[in-house]
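A.B. asks: The residues making up each chain are set out below.
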Amino acid sequence: MRCDYACGTADHGIARRQFLGGLAAGSAAGIVGGLGTLTQPAAAKELATSQKRVLLFFMSGGLSQLESWDPKPKTDTGGPFRAIPTSVPGTHISELLPLTAQQMHHLAIVRSVNTKENEHSKGRFMMECGRRQMAGAKYPHIGAVAAKALAPENATLPGHIHITPGGSGGRSDNAAYLGPKYASIILGNGKPPQNSARAAELTVDADSRRNAFRRQLNNRFTARRKTAETDVYTYNYEQAQQLMRQGEVFDVSKEPAADHERYGKHAFGKHCLLARRLLENGITFVQVSHSNYDTHNENFNFHLEQVSEFDRSFSAIVNDLAVRGMLESTLIVVMSEFGRTPRINSRYGRDHWGKAWSVVLGGGRIHPGAVYGATNKNGTAVSDKEVDHGELFHTYLQAVGLDSTQSFHVGGREMPMADPAVSAIDELLV
Amino acid sequence: MAADPKQTHVATQWKHDSRFICCRFDPQGRYVFAGAEDYAIHRFEVDTGIKVTLPEHDCWVRAFAFTPDGETMISAGSDGQLVWWPVAEAQPKPQRTVAAHDGWIRALAVSPDGKILASGGNDNRLKLWNIADGTLIHESPPHDSNVYSTFFHPGGEFVLSGTLLGAVKQWEVGTGKLVREFDAKTLHTYNGGQAVDYGGIRSMALSPDGQYFACGGLHKASNPLGAVNEPLVELFEWESQKKKVSQISDGKKGIIWRVVYHPDAFLIGGCGGSGGGLLFFWKPDQDKPFHTVKLPDTVRDMDLHPDGLRIATAHYDRHIRISSMTPKA
Numbered sequence: 001m002r003c004d005y006a007c008g009t010a011d012h013g014i015a016r017r018q019f020l021g022g023l024a025a026g027s028a029a030g031i032v033g034g035l036g037t038l039t040q041p042a043a044a045k046e047l048a049t050s051q052k053r054v055l056l057f058f059m060s061g062g063l064s065q066l067e068s069w070d071p072k073p074k075t076d077t078g079g080p081f082r083a084i085p086t087s088v089p090g091t092h093i094s095e096l097l098p099l100t101a102q103q104m105h106h107l108a109i110v111r112s113v114n115t116k117e118n119e120h121s122k123g124r125f126m127m128e129c130g131r132r133q134m135a136g137a138k139y140p141h142i143g144a145v146a147a148k149a150l151a152p153e154n155a156t157l158p159g160h161i162h163i164t165p166g167g168s169g170g171r172s173d174n175a176a177y178l179g180p181k182y183a184s185i186i187l188g189n190g191k192p193p194q195n196s197a198r199a200a201e202l203t204v205d206a207d208s209r210r211n212a213f214r215r216q217l218n219n220r221f222t223a224r225r226k227t228a229e230t231d232v233y234t235y236n237y238e239q240a241q242q243l244m245r246q247g248e249v250f251d252v253s254k255e256p257a258a259d260h261e262r263y264g265k266h267a268f269g270k271h272c273l274l275a276r277r278l279l280e281n282g283i284t285f286v287q288v289s290h291s292n293y294d295t296h297n298e299n300f301n302f303h304l305e306q307v308s309e310f311d312r313s314f315s316a317i318v319n320d321l322a323v324r325g326m327l328e329s330t331l332i333v334v335m336s337e338f339g340r341t342p343r344i345n346s347r348y349g350r351d352h353w354g355k356a357w358s359v360v361l362g363g364g365r366i367h368p369g370a371v372y373g374a375t376n377k378n379g380t381a382v383s384d385k386e387v388d389h390g391e392l393f394h395t396y397l398q399a400v401g402l403d404s405t406q407s408f409h410v411g412g413r414e415m416p417m418a419d420p421a422v423s424a425i426d427e428l429l430v
Numbered sequence: 001m002a003a004d005p006k007q008t009h010v011a012t013q014w015k016h017d018s019r020f021i022c023c024r025f026d027p028q029g030r031y032v033f034a035g036a037e038d039y040a041i042h043r044f045e046v047d048t049g050i051k052v053t054l055p056e057h058d059c060w061v062r063a064f065a066f067t068p069d070g071e072t073m074i075s076a077g078s079d080g081q082l083v084w085w086p087v088a089e090a091q092p093k094p095q096r097t098v099a100a101h102d103g104w105i106r107a108l109a110v111s112p113d114g115k116i117l118a119s120g121g122n123d124n125r126l127k128l129w130n131i132a133d134g135t136l137i138h139e140s141p142p143h144d145s146n147v148y149s150t151f152f153h154p155g156g157e158f159v160l161s162g163t164l165l166g167a168v169k170q171w172e173v174g175t176g177k178l179v180r181e182f183d184a185k186t187l188h189t190y191n192g193g194q195a196v197d198y199g200g201i202r203s204m205a206l207s208p209d210g211q212y213f214a215c216g217g218l219h220k221a222s223n224p225l226g227a228v229n230e231p232l233v234e235l236f237e238w239e240s241q242k243k244k245v246s247q248i249s250d251g252k253k254g255i256i257w258r259v260v261y262h263p264d265a266f267l268i269g270g271c272g273g274s275g276g277g278l279l280f281f282w283k284p285d286q287d288k289p290f291h292t293v294k295l296p297d298t299v300r301d302m303d304l305h306p307d308g309l310r311i312a313t314a315h316y317d318r319h320i321r322i323s324s325m326t327p328k329a
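If you read the sequences in order, they're chains A and B.
So the first sequence is residues 1 to 430, counted in the UniProt record's numbering.
So the second sequence is residues 1 to 329, counted in the UniProt record's numbering.
Simulated from the structure, these hints should not be mistaken for laboratory data.
Each residue gets a CB set at the ideal place from its N, CA and C atoms; glycine is no exception.
Just so you know, not all the hints are guaranteed correct.
Said to hold, decoys possible - Label pairs and their in silico Cβ distance ranges:
id: 1; chain 1: B; residue 1: 134; chain 2: A; residue 2: 323; range: 53 to 63 Å
id: 2; chain 1: B; residue 1: 246; chain 2: A; residue 2: 136; range: 28 to 38 Å
id: 3; chain 1: A; residue 1: 84; chain 2: B; residue 2: 246; range: 37 to 47 Å
id: 4; chain 1: B; residue 1: 91; chain 2: A; residue 2: 116; range: 40 to 50 Å
id: 5; chain 1: A; residue 1: 98; chain 2: B; residue 2: 55; range: 47 to 57 Å
id: 6; chain 1: A; residue 1: 261; chain 2: B; residue 2: 178; range: 26 to 36 Å
id: 7; chain 1: B; residue 1: 89; chain 2: A; residue 2: 90; range: 49 to 59 Å
id: 8; chain 1: A; residue 1: 90; chain 2: B; residue 2: 55; range: 27 to 37 Å
id: 9; chain 1: A; residue 1: 386; chain 2: B; residue 2: 246; range: 46 to 56 Å
id: 10; chain 1: A; residue 1: 99; chain 2: B; residue 2: 132; range: 30 to 40 Å
id: 11; chain 1: A; residue 1: 258; chain 2: B; residue 2: 99; range: 27 to 37 Å
id: 12; chain 1: B; residue 1: 18; chain 2: A; residue 2: 368; range: 31 to 41 Å
id: 13; chain 1: B; residue 1: 135; chain 2: A; residue 2: 258; range: 30 to 40 Å
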């Protein structure tokens with residue numbers, strides 16, 4: 001593919017329609033293409049201090065809304081857990097989230113999600129990409145969109161990071177037409193990016209000479225055959241060099257022992273602390289996965305284990321972002337591929353349920369303390385203000401100051417940032 | 001009449017409008033008490049099936065225990081409270097409520113002399129209570145995980161606790177001192193891919209001659225979230241603590257929710273799960289059951305009537321079933 005997106009102009013990567021729609025509106029400004037795309041250095045500096053970020057928690061397998069954000073105690077579907085009050089008067093959540101309950105004044109619950117999808121991979125795609133998965137069509141992950149639209153063009157660290165409980169690392173294929181530059185780098189089990197430390201047998205001097213030679217060859221080749229792929233290769237090498245120089249950013253052991261204790265010494269606690277460290281070091285998008293909620297069997301025992309673990313670490317990072325003044329610039333999202341059936345099965349399990357479940361948001365322009373939408377008495381259907389993945393996707397983008405109705409300009413085509421058939425949930429935004 | 005497990009058949013069943021969780025006969029054999037997903041306790045008269053619903057709990061009820069005289073029943077569940085009830089009143093009302101555990105109470109047992117109640121729960125504690133006044137006698141140090149089961153040795157000197165992670169601890173009742181531990185970790189699985197602990201000591205029982213100690217649960221948990229596992233009873237020699245035999249199920253799927261020794265020394269296991277509802281009957285020295293009964297729906301709890309002939313089972317399909325180990329009438 002010919003590389004025509006890096007045209008050298010200030011507004012490359014921005015569609016013909018004006019993308020910086022809300023720049024004059026201060027913190028709600030729309031920023032696409034990264035701060036490097038701004039022609040006014042003063043504006044870039046001002047925006048750098050309020051660099052928008054996204055922290056996404058993916059509850060792999062399908063978190064039960066009834067054992068988390070939308071409890072229905074004392075109903076035929078409610079299960080054994082009770083509802084507890086939160087820091088928002090009148091709002092109750094599951095007793096499995098006692099620490100998060102104290103942070104709910106920073107967060108908003110959307111209780112009326114209906115994605116009509118009960119299959120894991122399709123549900124995940126919808127929630128992460130804001131569109132329904134279709135053969136032959138690829139859409140970028142929310143993290144790729146955020147990295148493309150929010151990360152400074154000259155960022156020295158990757159803008160799109162996934163921290164997962166397992167896996168070996170590497171780069172994903174989830175940026176679609178935005179290009180592999182914006183695909184996620186996976187920190188498997190919270191480990192630094194693969195091969196990010198200089199091999200012991202390679203001296204600094206030899207490494208430097210090797211890289212100089214590589215640059216020389218790259219420059220010669222690029223002068224005649226510049227393509228999107230060669231650009232990405234070059235970018236990745238240069239970013240890797242920068243990343244290797246900043247290896248401590250990925251070293252969560254540098255965080256205070258008291259914080260490790262507070263977040264929990266399990267893997268998820270460590271991953272949340274790493275997420276905080278990455279966000280503080282300018283990473284634009286960090287996704288932390290927590291597993292596993294696909295509880296067809298013993299739903300209550302397993303949610304007790306998993307949600308209790310989540311509660312401690314999640315509440316700690318929400319509190320820390322608030323205390324450090326980062327919530328205004330950091331959107332928090334807690335999502336799954338779907339919820340779980342209100343009906344309790346014969347094995348005390350719950351199955352897949354995309355018809356009526358919950359997502360939690362916070363930070364950025366999200367209305368703190370809001371509860372949006374509702375389900376009926378026993379949680380079997382949405383009873384008020386139904387929303388879907390597409391509307392949520394618009395809302396995420398607008399919560400970090402982007403005009404989600406605009407498009408990326410890719411290969412001469414306008415690619416809408418979010419599904420043009422739907423729009424953001426305005427009531428959730430301030 | 002002697003019990004004949006090979007004649008076991010469902011003799012009676014009572015339908016309710018909510019799924020059942022647990023069941024127990026009272027020591028006099030007059031009633032079956034059952035906890036259901038409707039947060040209530042239901043008392044069925046064994047001879048007539050007449051049902052009385054006790055005033056609603058604030059939680060799912062998961063456990064019952066009775067004083068040996070059959071006059072008092074104590075219930076507990078996911079609200080962490082113990083509730084005392086008069087067993088035979090026309091409409092029982094709570095006599096005493098005690099806030100006992102932080103989180104669920106999963107198991108109860110009463111000492112042979114009827115004076116002490118043992119409770120175990122999600123705060124990882126075993127607690128001993130004075131049944132006469134509801135006061136706390138002793139609280140164990142924290143276990144390694146949730147306490148799933150409790151059991152009083154018939155001699156009254158020891159009480160045992162079994163956990164999710166497969167630890168079985170034997171405590172001296174008089175002093176609260178830990179005496180010894182049985183290694184039943186084969187009844188626990190940690191699945192790293194799913195990041196869950198699964199299994200646990202779901203039930204304990206001692207053979208009538210005091211020789212064998214049975215711990216029921218599950219093994220072969222290749223997919224805990226999907227209920228791919230098999231029932232298992234680990235049988236130990238009580239004195240030596242050596243494992244006598246692993247009592248298995250010929251590949252059937254499920255969890256042993258309860259084990260009870262029959263006075264004739266065979267072990268009954270109530271099993272439910274993806275394999276449906278099953279009753280297993282094992283002899284102490286054999287690994288495979290000498291008889292298996294398939295019930296109409298998955299089992300969540302089981303109890304043996306004091307007459308030694310009838311078995312009550314609590315079912316997901318909203319039935320309490322009474323099976324009889326006698327020829328069909």
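A.B. asks: Next, verify each hint and record whether it holds.
C.D. replies: Hint-by-hint comparison with the structure:
Checked against the given bound of 53 to 63 Å, the beta carbons of residue 134 of chain B and residue 323 of chain A, roughly 44 Å apart, lie outside it. Range check, residue 246 of chain B to residue 136 of chain A: Cβ separation about 54 Å, and the 28 to 38 Å hint is violated. Distance hint for residue 84 of chain A and residue 246 of chain B: a CB-CB separation of about 42 Å, consistent with the stated range 37 to 47 Å. Here the CB-CB span from residue 91 of chain B to residue 116 of chain A is close to 47 Å, well matched to the stated 40 to 50 Å.
A hinted range of 47 to 57 Å for the beta carbons of residue 98 of chain A and residue 55 of chain B is inconsistent with their spacing of about 28 Å. Judged by the Cβ atoms, the range 26 to 36 Å given for residue 261 of chain A and residue 178 of chain B holds: they are separated by roughly 28 Å. With their beta carbons about 40 Å apart, residue 89 of chain B and residue 90 of chain A fall outside the hinted range of 49 to 59 Å. For the pair residue 90 of chain A and residue 55 of chain B, the supplied restraint of 27 to 37 Å holds, since their beta-carbon distance comes to about 28 Å.
Residue 386 of chain A and residue 246 of chain B have their C-beta atoms about 52 Å apart, which keeps the hinted 46 to 56 Å range intact. The hinted range of 30 to 40 Å is satisfied by residue 99 of chain A and residue 132 of chain B, whose Cβ atoms lie roughly 39 Å apart. Between residue 258 of chain A and residue 99 of chain B the CB atoms are about 32 Å apart, so this pair conforms to the stated range of 27 to 37 Å. At about 39 Å, the CB distance of residue 18 of chain B to residue 368 of chain A agrees with the hint of 31 to 41 Å.
Under the hint 30 to 40 Å, the C-beta atoms of residue 135 of chain B and residue 258 of chain A, about 39 Å apart, fit the expected range.
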